[in-house]
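Q: Protein chains in written order, with our numbering: chain X, 1 to 329; chain F, 1001 to 1329; chain W, 2001 to 2329; chain U, 3001 to 3329.
Treat the hints as calculated values from the structure; they're not laboratory data. We put the CB at the ideal spot given by N, CA and C, even for glycine. Keep in mind that the hints are not guaranteed to be accurate.
Claimed, not checked - With beta-carbon atoms standing in for the labels, derived distance ranges:
hint, chain 1, residue 1, chain 2, residue 2, range
1, U, Lys3033, X, Thr5, 25 to 33 Å
2, X, Gly60, W, Thr2181, 26 to 34 Å
3, W, Thr2244, X, Gly60, 56 to 64 Å
4, W, Arg2163, X, Gly60, 38 to 46 Å
5, W, Arg2163, U, Ala3259, 33 to 41 Å
6, U, Arg3260, X, Gly75, 26 to 34 Å
7, F, Lys1155, X, Thr181, 36 to 44 Å
8, W, Ala2097, X, Pro65, 51 to 59 Å
4 protein chains.
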Amino acid sequence: MPAPTLQPAVAGATGYSGFELTRLLLGHPRARKPLLLQRAGDGEAGDLAASYPQLAGSGGLPLEPFSWERLRQAGADVLFLCTPPELSREVAPEALARGLRVVDLSDAWRLNGAAQRAAYGIPELHAAAIAEAALVANAGCYATSIILALAPWLKAGLVARQRGIVCDAKSGVSGAGKQPTAKTHFVEVSDNLSAYAPFGHRHTGEILEQLALERSELQFTPHLLPIPRGILSTIYLTVRDGVTASELERCLREFYAGARFVRVFPAGTLPQIKYSLHSNYCDLGFAMEPEGRRVVLVSCLDNLLKGAAGQAVQNMNLMFGCGESEGLG
Amino acid sequence: MPAPTLQPAVAGATGYSGFELTRLLLGHPRARKPLLLQRAGDGEAGDLAASYPQLAGSGGLPLEPFSWERLRQAGADVLFLCTPPELSREVAPEALARGLRVVDLSDAWRLNGAAQRAAYGIPELHAAAIAEAALVANAGCYATSIILALAPWLKAGLVARQRGIVCDAKSGVSGAGKQPTAKTHFVEVSDNLSAYAPFGHRHTGEILEQLALERSELQFTPHLLPIPRGILSTIYLTVRDGVTASELERCLREFYAGARFVRVFPAGTLPQIKYSLHSNYCDLGFAMEPEGRRVVLVSCLDNLLKGAAGQAVQNMNLMFGCGESEGLG
Amino acid sequence: MPAPTLQPAVAGATGYSGFELTRLLLGHPRARKPLLLQRAGDGEAGDLAASYPQLAGSGGLPLEPFSWERLRQAGADVLFLCTPPELSREVAPEALARGLRVVDLSDAWRLNGAAQRAAYGIPELHAAAIAEAALVANAGCYATSIILALAPWLKAGLVARQRGIVCDAKSGVSGAGKQPTAKTHFVEVSDNLSAYAPFGHRHTGEILEQLALERSELQFTPHLLPIPRGILSTIYLTVRDGVTASELERCLREFYAGARFVRVFPAGTLPQIKYSLHSNYCDLGFAMEPEGRRVVLVSCLDNLLKGAAGQAVQNMNLMFGCGESEGLG
Amino acid sequence: MPAPTLQPAVAGATGYSGFELTRLLLGHPRARKPLLLQRAGDGEAGDLAASYPQLAGSGGLPLEPFSWERLRQAGADVLFLCTPPELSREVAPEALARGLRVVDLSDAWRLNGAAQRAAYGIPELHAAAIAEAALVANAGCYATSIILALAPWLKAGLVARQRGIVCDAKSGVSGAGKQPTAKTHFVEVSDNLSAYAPFGHRHTGEILEQLALERSELQFTPHLLPIPRGILSTIYLTVRDGVTASELERCLREFYAGARFVRVFPAGTLPQIKYSLHSNYCDLGFAMEPEGRRVVLVSCLDNLLKGAAGQAVQNMNLMFGCGESEGLG
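Chain X on its own, in the form it takes in the complex (with noise of 0.2 Å):
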């Protein structure tokens, strides 16, 4: 086995995503233990194993104040910023001046051209892009998973866009992160359901730009599921006069002919959250009205490892030819 010879480092390893990024890349083949950098300000010092005792027995992970000269000095090549995209605005233009690559878990740069040698990270749909990339722009949770679902049909033509697509997703709550608030107090969130931000949630952006889609043509409504982790995403939308479900399994099957992590489920079946969780799978299904034009498209997975850190794994592997699915099991 080739020695690890990639340096990652990681800012703001103690929130959710950050945490399993951590995890992931102790486990990858190829990286070495990542170096971990906190603002000042971010509160939580020490190891990451005390926030996270998940880590007892990695061998000591400090968190170290972010300076860029511990990044030069560590022969960092790679930074994950799990941050708030404030932060990642004002990092990752320095970070890439001083040559280092950047994969940005915020919304900071998601958007086409808020950077240059910017790439969008799903790696199913821009493999060459991320491949050369000086940043990624690692795509949101709910975004990965309706774009997933959407990509090969509105591609092909498939879908009568003018009738509407409806996106009611559902998210478990780390997606809200790990700050306490009143929305994430376990009493208001077990046994409830809430959907939120009806016309308004910060995702909308990237998913129309990625779909190329109008704003009137898609509605998307998240909800918060009591449930730590996970996203489903059931989308609502009418074929084009003709089309059958054999024709849109067939478009799926082959638009993700090589894609190790998207699954792709028979027609009529319909993946649920629990067979993506702790993987780094999006899984697909659809169901077609009998007779009709209607269909339902269900998408699901982990929103901390498609919808997160995993992505982010999967997106350094193509940035540093690393194989696909190295680190993500």
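Guided by the hints, dock chains F, W and U onto chain X, whose structure is given.
A: Quick look at chains F, W and U alone, frame taken from chain X:
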């Protein structure tokens, strides 16, 4: 306080709806202790409190064999059928012939014309018919949630029906019944979400009929939530040109002006499942697209109360001249 | 039905206990709508139904600034303190001086001698004192669960105390309060279980005092369950030589013969949390070692009802001559 | 990397332990794809990924009829029995006679003397015996949790055994198996907690035997937690006079000095279930009474991994000279 004068009987009290109904009737100021009747082969005998220790301390709730003679002897006024539809189809006609009034919680008699002197059991829509009916077909849980949400705007002609209405509904597990199955196993349901019956749920017929919609105008997909009880329906629709949010809110408020058990939230505020749990309320709220015509309408209720046993008591109250909320907290 | 004549006031209605208490008082046949008082700095103002839409439809529940003048003007008879112990210590004496009777839900006044004319608020043990008391120190949730379980056998001298009593208690998250913290974050609690405060829980003192036990005779370890409400205490003890299971059961039944809210299960049958949820019951059951002297005693209750707000209403009923179960379903 | 050379076979792969075991073996660098064998009457045939879509993408996992000929033909080296104990009792002897080595996950062979050339399957305690054994009786989930916690102090003579040891254990629902029953119904388990089998759990025997304790010295009560997986055991004991917390911690650390899958927490810090979920770790921590001799010892593990399938792989690794943690992350 007047003495209780109504004698209710419950067939099928050992299921979740039957249990909740028994619990409500035990606290109803106008009802005597309910007579609990089981068919041969129902498997559970003895006292209902053995299956539901929640009811211990009620002074004995014997499960007796189903018998017309026993019903006559006890002077039963109303027979609640918490039984599978096949049994309801068999029992209800004879009960009516013997002069009993019947509230059937199954879906045996819900479609128009299924029975004479029957009413569809949503009191907010059919109070007069229910008061006179010999047989009340208590509405389905999903159906109640969707019909109460959509009826006002559809009747007022505010909805652009040809644009399609999408009902993405989510229910707690008690809606699947008490029978243990792979689908209701804790390990299968917890940390999970699944869509099912995308174009074929058996409540679809009563929803279309009550709302006078064509099959092509409404789409209904239920999901199984990892919670024991509660339904949230997220309904996507387009309103007619020129309709405003305040007009929509006013329409709901006027429609439900005298309705004790429907709560209309201010425009832009959406109900959550937990608000109506353990109550007979149906909560309605919506959000409208800024400068647009698309609307997200959310409806919540407790599937075992407003979606089953609570509504059954509300129907009984109408049938026998009790106050609408007696026994309902 | 006699007109409601009691005027309750609640300080701190925005916490979980305060909310449940308000809900109970709204349904209490002898109580007028409660006056809801907030301190400066409590942060939530306006209407309680804004924080708890469960209460929408109650016709207005204004949160008013705490003021002695307002209490006087409203003719308050009883002041419930759902406040932190520091505030209860400050407010209660002046309330008493002004002639109000007080039920304090904090642990400010629970130890003997903490106040004059005070009673420890478990009605099954101190009915006479509570009826006369100016100040009732409502018992803690864990404490109620353990004291009700152990009092009968200890008082009857059936327990070999020197063998030690282990109380392994488990509580739902609402016991930790409404304040969002890392400990109450959904992602931290769900799919998890944790023990805490193994030798230092602040309820230990009142448990020992009420049961007249030495610190060395009882050990109490609480755990945080991934459920919103409910407590189960598993209590391990050894009985004195010759004591039989039927003697143990008879002792419990006789002790609680007139107690409306304690349910004794048959020997060998253990209660579960769900049996007493949303009720004011405390359920007790035990199993005895075959041919041995060791006993497992299980006690369950709803920490927000019998462990807090329900017991507070039960205490109020005693203090003001209402029926013990009025307003408690 | 050396080619995989071990051929495992799994009987009973459709249960939860069998599924987890198959998943682990698929990722094991030294193991070929496992042969999956079902008895006549096991009900599920076809591909394991049909029951567990989590495994879709593994390239086919056919469930084949159990047959000695098939085992021979496939060159199976080790047979894992994820079967009921009756079947394990029937199958294991013949498997041994045919030269297969066996890891049995049932409790058929766990007591001393149950079989020749057998070892009790906790690698941290019986490594040498396991390495040589023809039959390894994989330890029970509760038993592993309790034995790993108590073995060091008992062997070192630090515990005042005659004072009694109380093990209050709590397990997730997967421990009850995949068969749907009233006990595993989501509505019965969620929002609930229950104790069961207070003096008669079938793991008691192996715990006593492995720890060389008398029945009178240990008491074990399991509880059913509303979570899918994970065990936490809270163990109450008294140490011998003069024993200190640092001595206790040192004893644990030394005992498990070379143990890759046992993590010892610092004195005063207690593990939680979530720390070891989805891993093969058993986490141990304790708190000692200030100025006293009473100790609360907490042990956590994932019942499907360290409590079943993970430990089975760990045993296989020992039996076949693989690295202890190969295939275990």
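Q: Hints first: check each against the structure and report whether it holds.
A: These are the hints, each one checked on the structure:
no.	hint	result
1	U/Lys3033 x X/Thr5: 25 to 33 Å	holds (31 Å)
2	X/Gly60 x W/Thr2181: 26 to 34 Å	holds (28 Å)
3	W/Thr2244 x X/Gly60: 56 to 64 Å	holds (58 Å)
4	W/Arg2163 x X/Gly60: 38 to 46 Å	holds (45 Å)
5	W/Arg2163 x U/Ala3259: 33 to 41 Å	holds (34 Å)
6	U/Arg3260 x X/Gly75: 26 to 34 Å	holds (29 Å)
7	F/Lys1155 x X/Thr181: 36 to 44 Å	holds (40 Å)
8	W/Ala2097 x X/Pro65: 51 to 59 Å	holds (56 Å)
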